[in-house]
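S.K.: For reference, the chains in residue letters:
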Amino acid sequence: MLSKFKICCLREVFDITSDELVIKVDKVSYSYPTTPNVLKNVSFSVKKGEILGIIGPNGAGKSTLLKTLNGLVPHFYGGKFKGKVIVCGMDTMKHTVSELAVKVGLVFQDPLNQLSGVTGSVYEEVAFGLSMLGFPHETIEDRVMNAIEKVGLKGLEKRSPYSLSGGQQQRLAIATVLALKPEVIVLDEPTAQLDPIGKYEVLSVLKELKKEGQTIVIAEHEIEELATFADRILALENGKIIMRGSTREVLTAVEELKSIGVNPPSITELFHILKNQYGLSINEKAYPVSLEEGIKICKELLEDKN
Amino acid sequence: MTEHVVIKTEDLWYAYAPDIVALKGIDLEIRKGEIIALIGQNGGGKTTLAKHFNGLLKPTKGRVLVKGIDTRDKPANELSTIVGYVFQNPMDQIFSKTVFEEVAFGPKNIGLSDKEVKERTEEALEKVGLLEYSNAHPLDLDFGKLKLLTIASIISLKPEVYCLDEPTTGQDHIGRKRVAELVKKLNKEEGATVIVITHDMNFVAEVAERVILMADGKILADGPVREIFQQIEILRKAQIKPPQVTLLFNELHPYGLPKGVIKLGEAVEILGDFLRKT
Numbered sequence: 001m002l003s004k005f006k007i008c009c010l011r012e013v014f015d016i017t018s019d020e021l022v023i024k025v026d027k028v029s030y031s032y033p034t035t036p037n038v039l040k041n042v043s044f045s046v047k048k049g050e051i052l053g054i055i056g057p058n059g060a061g062k063s064t065l066l067k068t069l070n071g072l073v074p075h076f077y078g079g080k081f082k083g084k085v086i087v088c089g090m091d092t093m094k095h096t097v098s099e100l101a102v103k104v105g106l107v108f109q110d111p112l113n114q115l116s117g118v119t120g121s122v123y124e125e126v127a128f129g130l131s132m133l134g135f136p137h138e139t140i141e142d143r144v145m146n147a148i149e150k151v152g153l154k155g156l157e158k159r160s161p162y163s164l165s166g167g168q169q170q171r172l173a174i175a176t177v178l179a180l181k182p183e184v185i186v187l188d189e190p191t192a193q194l195d196p197i198g199k200y201e202v203l204s205v206l207k208e209l210k211k212e213g214q215t216i217v218i219a220e221h222e223i224e225e226l227a228t229f230a231d232r233i234l235a236l237e238n239g240k241i242i243m244r245g246s247t248r249e250v251l252t253a254v255e256e257l258k259s260i261g262v263n264p265p266s267i268t269e270l271f272h273i274l275k276n277q278y279g280l281s282i283n284e285k286a287y288p289v290s291l292e293e294g295i296k297i298c299k300e301l302l303e304d305k306n
Numbered sequence: 307m308t309e310h311v312v313i314k315t316e317d318l319w320y321a322y323a324p325d326i327v328a329l330k331g332i333d334l335e336i337r338k339g340e341i342i343a344l345i346g347q348n349g350g351g352k353t354t355l356a357k358h359f360n361g362l363l364k365p366t367k368g369r370v371l372v373k374g375i376d377t378r379d380k381p382a383n384e385l386s387t388i389v390g391y392v393f394q395n396p397m398d399q400i401f402s403k404t405v406f407e408e409v410a411f412g413p414k415n416i417g418l419s420d421k422e423v424k425e426r427t428e429e430a431l432e433k434v435g436l437l438e439y440s441n442a443h444p445l446d447l448d449f450g451k452l453k454l455l456t457i458a459s460i461i462s463l464k465p466e467v468y469c470l471d472e473p474t475t476g477q478d479h480i481g482r483k484r485v486a487e488l489v490k491k492l493n494k495e496e497g498a499t500v501i502v503i504t505h506d507m508n509f510v511a512e513v514a515e516r517v518i519l520m521a522d523g524k525i526l527a528d529g530p531v532r533e534i535f536q537q538i539e540i541l542r543k544a545q546i547k548p549p550q551v552t553l554l555f556n557e558l559h560p561y562g563l564p565k566g567v568i569k570l571g572e573a574v575e576i577l578g579d580f581l582r583k584t
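So the sequence lines, in the order shown, correspond to chains A and B. Heads up, the first sequence is in the working numbering, so the first residue is 1 and it goes up one at a time. Heads up, the second sequence is in the working numbering, so the first residue is 307 and it goes up one at a time.
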């Protein structure tokens, strides 16, 4: 557990300027004690304010990669770790998970894995991390109310975390992380377990955070949703990065995506097939990746022909 | 009740407690060979309804008939050879030390001979593509395969109706495709009726013929997938987004293109034809 004093020092030493990289992952390879070679020579970086999407089939190493960003890998899991992860100027090998926790907030797939289980209300749950880290009372109250408002749970402060819907629980998990004001929020398939309303609620919160300039790294299978808010995408398969680039660059590479079992947005695939089987004249990079782009291109096509 | 109706509910009400009413007067007929998607918000009653189809739950009011049998007159284990229910969470279901034993449990339990048990188990594992994992420990399988294993352990009972509770949740795209193919195969090769609870509308478009949308213990909409996906207002209330191609063709309708497109393949054909003609 960190003292207040230590936290203040950390902030001063490691505060970074806006044009700097928030995350730098350099040639990281990792084996769990029981599963070898889960990550193989992975390198990438994330700039402040950027939304990075991580895609790939289950078992590709996405969750493991996310856990390197706050030091859970290797500090908690053990195993063999090679390479370097620098987050907000902190080498994860030289800092504890609790030191890293105020810089990198990790949101798990299943909100029930995130909730502390020891608090009786939404308010207490969000305050829990802050009080564990020794923040003063006034700061805690400010930050808790702020985080609760950001995720749209205002009015539910007194409810038990376990009486909430899945979407509300996941937003609560995000609030507990937001309250620590991390530089980066890392989310591991945050909508995978949720129903349509829950998915919509969580994605709306993430889109709001993007507007505020929050740096986000998110693993996600909902490619059509990811297409509407990620800046860059990294595709992982079998522990290796096999594609990376702007969201458009990655999602328009239809064949490559399909070769690793990832479906591009259907609108993108539609244009890919029209090009290849019906001779539609369109540059690959100009494929639509969102519904709105698709509608626009189709309308232009139909107007031209009429 | 006609011969082709396998499950019928009549004014089905169910309450977990006096003030927790999960189903509020469900009238429904499920016909042999249908593939039905049960969609809607969590807490809307989908799972509660599905658990009535094999007698895991008995109505508080009204009745459920499975092939004409009132579910209150038969214990769930006797109905399970007619209607197989696959839980959402594999951990609620799996308890054996090997994949083979897990799938063999059902047929053994209904008193089949060793030979029949072996045949059925191997056939079921073959169908879901897990035969090579026969000797593996279930918990060594990844999530997608674990889900297929739970389906196999129902296939080995050869039910006429399968209820699959969220088989696509937590699956990656490959896993969803495997489940989609399996559902089509069970329906085509065994003539099975399949009821799938899912939140994945591309999966619904690809696999199901009929959609039942539930909310607050009631049926909000029930009909062919194509028609339900056109009821944008009702879907919007449930925050359900129809597939991208459906939304695309709704926008293109003023240009003389048809509405009611739900599959990528259909969209390709219509736009492709259009490009060819002009």
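Hints are computed from structural coordinates only; laboratory data are not their basis. Even for Gly, the Cβ is constructed at its ideal location relative to N, Cα and C. Hints are supplied without guarantee of correctness; some may be wrong.
What the hints assert, rightly or not - The calculated lysine-lysine pairs, modelled on DSBU-like cross-linking and capped at a C-alpha distance of 30 Å, are:
hint, chain 1, residue 1, chain 2, residue 2
1, A, Lys296, B, Lys547
2, A, Lys240, B, Lys483
3, B, Lys380, A, Lys258
4, B, Lys569, A, Lys207
5, A, Lys150, B, Lys543
6, B, Lys380, B, Lys364
7, B, Lys380, A, Lys275
8, A, Lys296, B, Lys433
9, B, Lys491, A, Lys285
10, B, Lys543, A, Lys154
11, A, Lys258, B, Lys433
12, B, Lys547, A, Lys154
13, A, Lys299, B, Lys364
Stated by the list, open to error - Per the computed footprint, the stretches of chain B lying under chain A, defined by three or more beta-carbons under 8 Å from a beta-carbon of chain A, are:
hint, stretch
14, 318-327
15, 415-423
16, 438-451
17, 548-557
S.K.: All hints are to be evaluated individually against the structure, with a verdict given for each.
M.R.: Tested hints:
no.: 1; hint: A:Lys296 - B:Lys547; verdict: 19 Å, holds
no.: 2; hint: A:Lys240 - B:Lys483; verdict: 23 Å, holds
no.: 3; hint: B:Lys380 - A:Lys258; verdict: 48 Å, violated
no.: 4; hint: B:Lys569 - A:Lys207; verdict: 28 Å, holds
no.: 5; hint: A:Lys150 - B:Lys543; verdict: 23 Å, holds
no.: 6; hint: B:Lys380 - B:Lys364; verdict: 10 Å, holds
no.: 7; hint: B:Lys380 - A:Lys275; verdict: 58 Å, violated
no.: 8; hint: A:Lys296 - B:Lys433; verdict: 43 Å, violated
no.: 9; hint: B:Lys491 - A:Lys285; verdict: 37 Å, violated
no.: 10; hint: B:Lys543 - A:Lys154; verdict: 22 Å, holds
no.: 11; hint: A:Lys258 - B:Lys433; verdict: 24 Å, holds
no.: 12; hint: B:Lys547 - A:Lys154; verdict: 26 Å, holds
no.: 13; hint: A:Lys299 - B:Lys364; verdict: 53 Å, violated
no.: 14; hint: 318-327; verdict: violated (count 0)
no.: 15; hint: 415-423; verdict: violated (count 0)
no.: 16; hint: 438-451; verdict: holds (count 3)
no.: 17; hint: 548-557; verdict: holds (count 6)
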